[in-house]
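First to last, the sequence lines map onto chains G and S. Reminder that position 284 of the first sequence reads as 284 in the UniProt record's numbering, one-by-one numbering, no gaps. Reminder that position 37 of the second sequence reads as 37 in the UniProt record's numbering, one-by-one numbering, no gaps.
In case anyone wonders, no lab produced these hints; they're calculated from the structure. Keep in mind the model is a prediction, meaning the values are calculated, not measured. No residue lacks a Cβ here, since even glycine has one placed at the ideal position from N, Cα and C.
Negatives, chain G to chain S, calculated, CB over 12 Å:
#1 D3
#2 D24
#3 E58
#4 P76
#5 S188
#6 E223
#7 E227
#8 H228
#9 D265
#10 D279
#11 G353
Here are some chain G residues pointing at chain S (derived, C-beta under 10 Å):
#12 E124
#13 T141
#14 A145
#15 A147
#16 M149
#17 A150
#18 N151
#19 Y153
#20 D155
#21 D250
Listed here are the chains, written in short residue letters.
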Amino acid sequence: MTDVRVAGVGLTRFGSHPDRTGRDLFATAALRAFEDAGVPREDVEELNYGNFMGALAEHQGHQAPLMAEAAGVNCPSTRYEEACASAGVAVREAVRTVRAGDADVALAGGMERMTNLPTDEVTEGLAIAADDLFEVRAGVTFPGAYALMANAYFDAFGGGREDLAHVAAKNHANAVPNEYAQYRKEVSVEEALDAPPVAEPLHLYDACPITDGASALVIVSEEYAAEHDVDAPVAVTGTGQGTDRMALADREHLARTPAADDAADAAYADAGVGPDDVDVAEVHDCFTVAEVLATESLGFFEPGEGIAAARDGVTTADGDLPVNLSGGLKAKGHPVGATGGSQIAELTRLLRGDHPNSEHVADAEVGVAHNAGGTVASAVVHVLEVAE
Amino acid sequence: MSDDAPAPASNGGYDEWLDALADGEGYALVCPDGHGSLPPRRVCPECGSASLSAEPLAETGTVETHSVVHVAGPRFADDTPYATAIADFGPVRLTGVLRGVDPETDAVAVGDRVAVGLEERATDGEPLVVFRPAGGE
Ligand SMILES: [Zn+2]
Numbered sequence: 001m002t003d004v005r006v007a008g009v010g011l012t013r014f015g016s017h018p019d020r021t022g023r024d025l026f027a028t029a030a031l032r033a034f035e036d037a038g039v040p041r042e043d044v045e046e047l048n049y050g051n052f053m054g055a056l057a058e059h060q061g062h063q064a065p066l067m068a069e070a071a072g073v074n075c076p077s078t079r080y081e082e083a084c085a086s087a088g089v090a091v092r093e094a095v096r097t098v099r100a101g102d103a104d105v106a107l108a109g110g111m112e113r114m115t116n117l118p119t120d121e122v123t124e125g126l127a128i129a130a131d132d133l134f135e136v137r138a139g140v141t142f143p144g145a146y147a148l149m150a151n152a153y154f155d156a157f158g159g160g161r162e163d164l165a166h167v168a169a170k171n172h173a174n175a176v177p178n179e180y181a182q183y184r185k186e187v188s189v190e191e192a193l194d195a196p197p198v199a200e201p202l203h204l205y206d207a208c209p210i211t212d213g214a215s216a217l218v219i220v221s222e223e224y225a226a227e228h229d230v231d232a233p234v235a236v237t238g239t240g241q242g243t244d245r246m247a248l249a250d251r252e253h254l255a256r257t258p259a260a261d262d263a264a265d266a267a268y269a270d271a272g273v274g275p276d277d278v279d280v281a282e283v284h285d286c287f288t289v290a291e292v293l294a295t296e297s298l299g300f301f302e303p304g305e306g307i308a309a310a311r312d313g314v315t316t317a318d319g320d321l322p323v324n325l326s327g328g329l330k331a332k333g334h335p336v337g338a339t340g341g342s343q344i345a346e347l348t349r350l351l352r353g354d355h356p357n358s359e360h361v362a363d364a365e366v367g368v369a370h371n372a373g374g375t376v377a378s379a380v381v382h383v384l385e386v387a388e
Numbered sequence: 001m002s003d004d005a006p007a008p009a010s011n012g013g014y015d016e017w018l019d020a021l022a023d024g025e026g027y028a029l030v031c032p033d034g035h036g037s038l039p040p041r042r043v044c045p046e047c048g049s050a051s052l053s054a055e056p057l058a059e060t061g062t063v064e065t066h067s068v069v070h071v072a073g074p075r076f077a078d079d080t081p082y083a084t085a086i087a088d089f090g091p092v093r094l095t096g097v098l099r100g101v102d103p104e105t106d107a108v109a110v111g112d113r114v115a116v117g118l119e120e121r122a123t124d125g126e127p128l129v130v131f132r133p134a135g136g137e
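Bound conformation, chain G alone (with noise of 0.2 Å):
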C-alpha cells in the first residue's frame, strides 16, 4: 500500500455568487489547486465530485464528466452523494484508489450551487437529506432536526443555548481572517444569543449559511511526490467511514453520532493515532450543537462534556485542541457538495503553515477533518499528518 500526499489545494470564496455557474466554481477551485500542486492536470488518472442538489440548483444531473471538462482533464470521473459528506467520500474514495495504486494522481472536490434559490427551496431541497416519509412530511427540517438533537443533548446531558452560542462566537472570530470565509465578522456571544428563531432551540446564529462554492484537492502518490518532486509535505494517513440508521428517530440515542463514532474509529485505527495525538481538527459544524457532537465523536470528549469547550476556551484559538480554526461551516460557509473537500484544504494549509490562522497551531503535525451527512446518517473522517 502506498502513502497518500496531498499535493495541492484550491477553494472559491464561499458565499454568494448569483453570476457564476457550478462549472465555473469548480473550474476555478481546481485551477487553484493546480497552481498550488504544481502538477500536470494531464497527469490526473481519476476525478471524483461531490455535488448535492445539483439537479435541484441548476437542474444539471450527471455533473462529473461536465467538471472533468470544466476542470481540463480527461479521464474517469465520477459524482458522489452523500448528502453534506458528499465531498468527503469523494476525497476518501481518492485517497483508497490511490493507495490501491490504481492512480498516482486523482482529483477531488466538489461544489454546491444554493443562493440562486429562494430560501424556501434551499430549504427543502436540504431537508431531502433526511427520510422523506418519516421526516420531511412530518415537519422535519434541516435545522428542525438538529434542533431535535440539541434538545435531547440538553435534556440528557445539560448545557443550554449559551454553550452553543460560544461555539458560534469562536467559529465566527476564527473566520475574520480567512480569504475564503463568507462571514468574515465577529459575533458576540450576546448577539448569537438575541438572533431570531430558526429551529428552536437553534436560533440564526446557530446555522450556517446558505453558501455557494467549490473545494478541489490534487491527491498523490507519495511515490508521484518524490518522482516528479511535487512539494508535498501533507500525507492522509487515515481514512474513515460510518453509515447510521437514516432517521434520527431510529437511532439509539438522539444526541449521539454512532456513524462518527464509527468513522473515527476506522480512522485513528488506519493511521494508527489516537484522539489524544490530534493537534487540531475542522469538524462538520452545520448547527453550532453538530460540532458538540463531533468533538465527542472524534473522542476528544466524553459524551456529554464537548458542550462547554468552546465556552471553557479549550477549542477557540489559542486553546489546547483549535476547533474549526477556517470558521467552520458556521462562518466561513457551507457549499454543500464541496465541505468535505475544503476542510482537507484548510487543515493542509493549516498544517503546511500557510493558513492566516497557521500561527495557532505552529508545532501541529496531526490534524483531524469529520464531515457529516444529514443527521449524521453518514459520516467521514480522515486523519492527516505533516510527513517531511
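Since the structure of chain G is provided, determine the placement of chain S with the ligand on it from the hints.
Coordinates of chain S with the ligand only, in the frame set by chain G:
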C-alpha cells in the same frame, strides 16, 4: 381497472400505514427479537430477520425531544411556527408535529405524554402525522 387508466402513484406500505393511523390502528413492524421499524420493510433493519409482524403502537407516546420550527420549506409555509417532536410509542419512535400546545411558549417538555393521529398540513391539506397532548397524566 383498465390498462389505460393508471392508478395514481402511491407510496405503498407507507400510505397503508397512514390509513391505519387515521383509523386509530397505528402499528409497527416487529421482528422476533423485538426490534421495531416502520413500513415498507422486507427485513428488520437491525438484525435482518424477514419474519416481521404488525404490532399495535402504544396508546400514548412519551416525548423524547422537541423543537419549534420557525423557518420551513414551501410545503409547511403556512404551518409555521409549529412544534415537532420525536415520541416513543413502544416498538418504535415516531416523528410528528405537535398540536394542541402553544408553540410560542415553552409548552412542550421531554417526558410529556402524547397521542398520535393523522391530520392535515395547514399549507396544502396533505396528510400529517400529529401528536396531541394525552390528557390526565
Ligand atoms: Zn430485528
